[in-house]
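Asks: In the order they appear, the protein sequences are chains C and S.
Counting in my numbering, the final residue of the first sequence is number 277, and the numbers go up one at a time with none missing.
Counting in my numbering, the final residue of the second sequence is number 156, and the numbers go up one at a time with none missing.
Hints listed in this document are in silico derivations from the structure and should not be mistaken for laboratory results.
Note that the Cβ used here is the ideal one computed from N, Cα and C, for glycine as well.
Honestly, I wouldn't trust all of these hints.
Said to hold, decoys possible - Calculated lysine-lysine pairs in the DSBU-like style (CA-CA distance at most 30 Å, straight line):
{"hint": "1", "chain 1": "C", "residue 1": "58", "chain 2": "C", "residue 2": "70"}
{"hint": "2", "chain 1": "C", "residue 1": "70", "chain 2": "C", "residue 2": "19"}
{"hint": "3", "chain 1": "C", "residue 1": "188", "chain 2": "C", "residue 2": "175"}
{"hint": "4", "chain 1": "S", "residue 1": "85", "chain 2": "S", "residue 2": "144"}
{"hint": "5", "chain 1": "S", "residue 1": "85", "chain 2": "C", "residue 2": "188"}
{"hint": "6", "chain 1": "C", "residue 1": "175", "chain 2": "C", "residue 2": "229"}
{"hint": "7", "chain 1": "C", "residue 1": "58", "chain 2": "S", "residue 2": "144"}
{"hint": "8", "chain 1": "C", "residue 1": "30", "chain 2": "C", "residue 2": "58"}
{"hint": "9", "chain 1": "C", "residue 1": "27", "chain 2": "C", "residue 2": "88"}
{"hint": "10", "chain 1": "S", "residue 1": "20", "chain 2": "C", "residue 2": "58"}
{"hint": "11", "chain 1": "C", "residue 1": "175", "chain 2": "C", "residue 2": "70"}
{"hint": "12", "chain 1": "C", "residue 1": "70", "chain 2": "C", "residue 2": "27"}
{"hint": "13", "chain 1": "C", "residue 1": "30", "chain 2": "C", "residue 2": "19"}
{"hint": "14", "chain 1": "S", "residue 1": "3", "chain 2": "S", "residue 2": "20"}
{"hint": "15", "chain 1": "S", "residue 1": "3", "chain 2": "C", "residue 2": "15"}
{"hint": "16", "chain 1": "S", "residue 1": "85", "chain 2": "C", "residue 2": "64"}
{"hint": "17", "chain 1": "C", "residue 1": "64", "chain 2": "C", "residue 2": "19"}
{"hint": "18", "chain 1": "C", "residue 1": "27", "chain 2": "S", "residue 2": "3"}
{"hint": "19", "chain 1": "C", "residue 1": "19", "chain 2": "C", "residue 2": "88"}
{"hint": "20", "chain 1": "S", "residue 1": "3", "chain 2": "C", "residue 2": "58"}
{"hint": "21", "chain 1": "C", "residue 1": "229", "chain 2": "C", "residue 2": "264"}
{"hint": "22", "chain 1": "C", "residue 1": "188", "chain 2": "C", "residue 2": "264"}
{"hint": "23", "chain 1": "S", "residue 1": "3", "chain 2": "C", "residue 2": "19"}
{"hint": "24", "chain 1": "C", "residue 1": "30", "chain 2": "S", "residue 2": "3"}
{"hint": "25", "chain 1": "C", "residue 1": "64", "chain 2": "S", "residue 2": "20"}
{"hint": "26", "chain 1": "C", "residue 1": "30", "chain 2": "C", "residue 2": "15"}
{"hint": "27", "chain 1": "S", "residue 1": "144", "chain 2": "C", "residue 2": "30"}
{"hint": "28", "chain 1": "C", "residue 1": "58", "chain 2": "C", "residue 2": "88"}
{"hint": "29", "chain 1": "C", "residue 1": "175", "chain 2": "C", "residue 2": "201"}
{"hint": "30", "chain 1": "S", "residue 1": "144", "chain 2": "C", "residue 2": "188"}
{"hint": "31", "chain 1": "S", "residue 1": "3", "chain 2": "S", "residue 2": "47"}
{"hint": "32", "chain 1": "C", "residue 1": "201", "chain 2": "C", "residue 2": "64"}
{"hint": "33", "chain 1": "C", "residue 1": "70", "chain 2": "C", "residue 2": "264"}
{"hint": "34", "chain 1": "C", "residue 1": "15", "chain 2": "C", "residue 2": "27"}
{"hint": "35", "chain 1": "S", "residue 1": "3", "chain 2": "C", "residue 2": "64"}
As the list claims (entries may be wrong) - Interface residues of chain C toward chain S, partial, derived using beta-carbon atoms under 10 Å:
{"hint": "36", "residue": "9"}
{"hint": "37", "residue": "153"}
{"hint": "38", "residue": "155"}
{"hint": "39", "residue": "158"}
{"hint": "40", "residue": "184"}
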Amino acid sequence: MIPFNFAYYRPDSLKAAEKVFSELQAKGQKALYYAGGSEIITMSRSGSIQPDAVIDIKEIPECKGLSIDKAFLHIGSACTLNQISQSKAFPLLGLVCGRIADHTNQCRITLGGNICGTIHYRETTLPLLLSDSNVTLFGPEGERMLPFDRVFDGRINLAPGELLVKVHIPVWALKARHFHIKHTAQEKIDYPLISVAALVKEDFLRIAFSGVCAYPFRSQQIELVLNNKTLSPAQRADMALTLLPCEAIGNYAGSAEYRSFVLKSTLEQLLEEWENG
Amino acid sequence: MVKYEDRAVITLNINGDVHKVAVHPSDLLLDVLREQLGLTAAKPGCKNGDCGACTIIIDGLPAKSCLVLAVEAENHTILTVEGLKGQSPVQKAFVDANAFQCGYCTSGFLMVCEALRTQYPDLPEEYIIEEWLQSNLCRCTSYKEIRNAVRLMYEQ
Numbered sequence: 001m002i003p004f005n006f007a008y009y010r011p012d013s014l015k016a017a018e019k020v021f022s023e024l025q026a027k028g029q030k031a032l033y034y035a036g037g038s039e040i041i042t043m044s045r046s047g048s049i050q051p052d053a054v055i056d057i058k059e060i061p062e063c064k065g066l067s068i069d070k071a072f073l074h075i076g077s078a079c080t081l082n083q084i085s086q087s088k089a090f091p092l093l094g095l096v097c098g099r100i101a102d103h104t105n106q107c108r109i110t111l112g113g114n115i116c117g118t119i120h121y122r123e124t125t126l127p128l129l130l131s132d133s134n135v136t137l138f139g140p141e142g143e144r145m146l147p148f149d150r151v152f153d154g155r156i157n158l159a160p161g162e163l164l165v166k167v168h169i170p171v172w173a174l175k176a177r178h179f180h181i182k183h184t185a186q187e188k189i190d191y192p193l194i195s196v197a198a199l200v201k202e203d204f205l206r207i208a209f210s211g212v213c214a215y216p217f218r219s220q221q222i223e224l225v226l227n228n229k230t231l232s233p234a235q236r237a238d239m240a241l242t243l244l245p246c247e248a249i250g251n252y253a254g255s256a257e258y259r260s261f262v263l264k265s266t267l268e269q270l271l272e273e274w275e276n277g
Numbered sequence: 001m002v003k004y005e006d007r008a009v010i011t012l013n014i015n016g017d018v019h020k021v022a023v024h025p026s027d028l029l030l031d032v033l034r035e036q037l038g039l040t041a042a043k044p045g046c047k048n049g050d051c052g053a054c055t056i057i058i059d060g061l062p063a064k065s066c067l068v069l070a071v072e073a074e075n076h077t078i079l080t081v082e083g084l085k086g087q088s089p090v091q092k093a094f095v096d097a098n099a100f101q102c103g104y105c106t107s108g109f110l111m112v113c114e115a116l117r118t119q120y121p122d123l124p125e126e127y128i129i130e131e132w133l134q135s136n137l138c139r140c141t142s143y144k145e146i147r148n149a150v151r152l153m154y155e156q
């Protein structure tokens, strides 16, 4: 059980959601936008957070469903990971979604929750960083659409009261050659020791990482090194390790040294698959 | 806009029956099923979404009821093991395959398998079965028998 009460709101429009958020904020109350709920429930149960209210966005039309037009695949932030992988619309994102938590939880966890939650792996951000995706946000100042990498620097930067409505993925990325390698410490279902996603555009390998550092990232410096085909995969992997944006993390899943070791062999494997596969 | 700020009466559709229950907005569906409605098939295990003992089916898909607010479940169709009425192919298959030892995890596995059969009326590929079953834990290690039960369920 959750050892305290909170209010529950289920608006049916973005305006109504933002309005109730602003009203609660004006009363000094802490409100959280809520979709799949797994993180909010587990953290509330353990006492890590104590919101006064949750605002369930699952019935807001703009936050639901997947659609595609000539330029973009649009995915609502309340889409579940299972809906995304089952749709097969963006294969790389589908692969990543299929390795987050377990299948039953994938039927509840949403794209927005994975991006905006506090658990720092946020693996669904990797395909978005690689594909030059855009996002639509809605808040007290209205709606804005901007490149994902403008609002995400390891964590999403939202204005107070703002919520993630949709992501928009350019259609070129949907058919691009891609790779996803996730290693865990022991069990298949776990947070990543390292998770690496890559997308090929015009014979150039784009690559992004989760689990390596304290936040997910894409590094163009690392990409330049990995695309230097005059060097062997092992040489490129060695150089890439020197270009990490921060120290590799060490935790229960593995030490920093072990993570670097696994990352090096993973990069070699990925480069060989890309070039010889 | 639906709004619950304190204890309120909500309507839940469970196993084809309509139930009215008074809940707080932060009450978990697992607790409401067990403590208010007496539907004790969904078991409290880790209560953290890891073990799957509390799995039920919502709108045809498996869900861990320890990670669902009762108020969220309004307007959705909920199925628990009680709704299988002891006569479903999945229950018969588990009995025939001896797919349990202590039985605590069985309700959760039954619901995952029932949802699997709903989503895949024909025997799916092995990797799909494995992916679905990996959502649940059995500490008596009946996994081999549970896999046999899935096979039997599709043969019936």
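Asks: Hey, residue 30 of chain C versus residue 3 of chain S, does the alpha-carbon distance stay inside 30 Å?
Replies: Holds, at about 16 Å.
Asks: Hold the hint about residue 153 of chain C up to the distance rule: shortest CB distance to chain S must be less than 10 Å.
Replies: violated, 29 Å
Asks: For the pair supplied as a hint, residue 188 of chain C and residue 264 of chain C, confirm whether the alpha-carbon distance does not exceed 30 Å.
Replies: Measuring from Cα to Cα gives roughly 20 Å; hence the hint holds.
Asks: Take a quick look at whether residue 175 of chain C and residue 70 of chain C sit within 30 Å of each other, Cα to Cα.
Replies: Satisfied, since the Cα-Cα distance of roughly 13 Å is no more than 30 Å.
Asks: Do the alpha carbons of residue 64 of chain C and residue 19 of chain C lie within 30 Å of each other, as the hint requires?
Replies: Distance ~20 Å between residue 64 of chain C and residue 19 of chain C Cα, so the pair holds.
Asks: Do the alpha carbons of residue 58 of chain C and residue 70 of chain C lie within 30 Å of each other, as the hint requires?
Replies: holds, 26 Å
Asks: Are residue 3 of chain S and residue 20 of chain S close enough, with their CA atoms no more than 30 Å apart?
Replies: With a Cα-Cα distance of about 17 Å, the restraint between residue 3 of chain S and residue 20 of chain S holds, given a limit of 30 Å.
Asks: Between residue 144 of chain S and residue 30 of chain C, is the straight-line Cα distance small enough, at 30 Å or below?
Replies: violated, 48 Å
Asks: Starting from residue 30 of chain C, check that the Cα of residue 19 of chain C is at most 30 Å away, please.
Replies: It holds: about 14 Å lies between the C-alpha atoms, which stays within 30 Å.
Asks: If you draw a straight line from the CA of residue 58 of chain C to the CA of residue 88 of chain C, is it 30 Å or shorter?
Replies: It holds: about 21 Å lies between the C-alpha atoms, which stays within 30 Å.
Asks: Is residue 85 of chain S close enough to residue 64 of chain C, meaning Cα to Cα at most 30 Å?
Replies: violated, 34 Å
Asks: Regarding the pair residue 3 of chain S and residue 47 of chain S, is the alpha-carbon distance no greater than 30 Å?
Replies: holds, 26 Å
The earlier numbered hints that this structure contradicts are 2, 5, 7, 9, 12, 16, 19, 27, 33, 37, 38, 39 and 40.
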